[in-house]
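K.L.:
Chain by chain, the residues run as shown.
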Amino acid sequence: MAADELRKEEGPSLRRAVSIWGSFSWGYAGVGADIYMALGLVLAFAMGAAPLALFITGLLYVLIGLIYTELASSYPVAGGGQYYSLRGLGDFWGFLGGWAFLLDFTVDVSLFAYASAGYINFFFPQFEQVKWIKIVETLLLILLLIVLNVRGIRESSRLNEVFCGLDMFNESLIIIIGFLFAFKPDLFIHQITHELPRMGQFLYGMTIAVVAFVGLEAISQAAEETIRPASIIPRTSLSLTFVVLIYALAFSVLGIGSLGWEPLAEHMHDPIAYLAKFLPLIGFIAGPFTAILGFTLLYASANTGVMGYSRISYSMSKLQLLPRWFSGVHHRYRTPYRTILFFSTIVIIQLVLAGLSKNAMETLADMYAFGALTSYTLVCVSHLRLRIKDPYTPRPYKIPGNIRLKIQGRVVDFPLLGLIAIFGTFFYLLLVLITHYWARIFGPAWLILGLTIYILYRKKNNLPIFRSLRRDWVNEQVRVLKEAGEVEALEEYIKALEENKDETK
Amino acid sequence: MIVNPIGLLITIGFTSLVGYILLWMLRPPIYVRVALETVTKGEEEMQGSIIVPITGTALSERLLEIAINFAQRLKVPLRFVYVMEIPLVLPPDAEVPREREKGERVLLHAQVVAERAGVFAKGKLIKARLAGAGIIQAAKEDSASLILLLLSEHPEREAFIGRSVQYILRNAPCDVLLLRPSREKAA
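Residue numbers (our numbering), protein chains in the order written: chain L, 650 to 1154; chain G, 1499 to 1685.
By construction, these hints were calculated from the structure, which means they are not laboratory data.
This one's a predicted model, so the numbers in the text were calculated from it and none came from an experiment.
Heads up, some of the hints might be wrong.
[Stated by the list, open to error] The calculated lysine-lysine pairs, modelled on BS3-like cross-linking and capped at a C-alpha distance of 30 angstroms, are:
(1) L:K1144 <-> G:K1600
(2) G:K1600 <-> L:K1150
(3) L:K1131 <-> G:K1573
(4) L:K833 <-> G:K1539
(5) G:K1625 <-> L:K833
(6) G:K1600 <-> L:K1131
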């Protein structure tokens, strides 16, 4: 194709090779593994009300999923949430959004590596009894990830696709066999009527349920590599959002209706494998197989964390939001080794500190929920702001529930559901701060650390702190649409700009 | 082993819901499927294609329409060719950024139109001294089955065979179909 030929001449650019299943699998790699880690945690706190906690949190997750679908199909670039925050809210909030994502990605690595060690321990249950053995196991897994990423590995889209298919098949099989032969309606009714948590515990469970749905970023991160993003992303992103919700609800209902919440909460480190082990007919093979699959998926998810923080911090450095030091590339391996080493050190510190707490997994999940909700809140606000600030960019998918308003002299489709999502994420963030001890201390501390780095860097380089640098978003959007081959959207965009020339000057 | 009726109902609900979502996702409109083919299929798939020279004019739009019609019936891929004519005063590999930009835009437009019609097509930008030579080069590279040409019209409304068309008729390695646009449609 001509555009491809051109790109080759102009220099390196992300190749558009991610297809429908590929795009879905990228997203699934980010969010699909969450249930392997989250089920036990949610059951431990929400008990018999776990399906309700997952359902309520799931509603918020669906709203965020719809917002991501709109943003990723309208702005198909690799930056994801950090890019939307920067574009919608400017440099200061763009930095804060990116910094919150960095917290999320670092905790993602420690939490998912820790959870994947839990699935290894399905075969060595004695290791699970000694906390520091598991910490050492996790540390080794993290060190391996660091070495692999500094030397440079490419996450293979094909491998993602295979694992996604394999996992969906396995999860579906567990759910189908489980509901057909192991589900006890009486036990389920008993659990949801008699095994209920106190209100405080339930609210805590609801906020922990957030970790079952973190990782929506992945589809938008791969948007720049997706073929015809405007047509494909709405399909893959919406499907992913609902499929993940269905699986999470199905597992929680099956879990309490077949074993009860307690045994699964006790097996917080490998709940899905434990559930699979007790299935009639296939349990003897499904248990170990699920443990292996669980380990692989969680470890791959931890790897997306390393890739996530190295990419985001590198790009933030290029955008003059972080010191130039972070954009250093290894002379031999051509990888952003400084960002990998810097943030991996933070990952290790997080792991060791979590190891000092009573329940390392819960502590890490606390931080994960805080990071996710901070960044999601900023993405939701950016979505609203972009609707007002940039109404001319064609939106192949718009979240439902819009009213037409005239704001700042422009006709804007004001998203009511988007507004609800902002309140929802903010409410959850407040809940996390109120109910989560570690998140209350380390969450704001992380943001303060980031802001200190940002202010010192911007001051030293005579750059504005609260104001934004001049960025040519119009030409950037033209480039993005052109590279995506979205000619119709490009023509629509140029036409809208010409019609509103006076405003866009 | 007894199947639980409530469990059976949940299973049916679960499988139909997940199945429906996945089918909806994997069965996109025809143009998306063709767009995917365009990227995933290699150049070897273009063997035996129909060569369609395009320029971005109204006449070229008409040729595009006819070519898509042909491709739908014959089930062969289309190769859109935009030739960047390099003036003799410049070296043969000289850069012509404006022409390149126009060519890229025209090719992408043609590709989208073809995709919408469910036709597999790829575009090619070629540098040549004469448009006809560029088209012949593309036909040879693809082992094309046909070159489709539309005659331009003389101001006195007579079909006009230009220099490039004459060159193609003399040197084409495959069949050449020369069409005269319908006056009503052109109007």
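K.L.:
List in ascending order the numbers of the hints, as given earlier, that are violated by the structure.
P.N.:
4, 5
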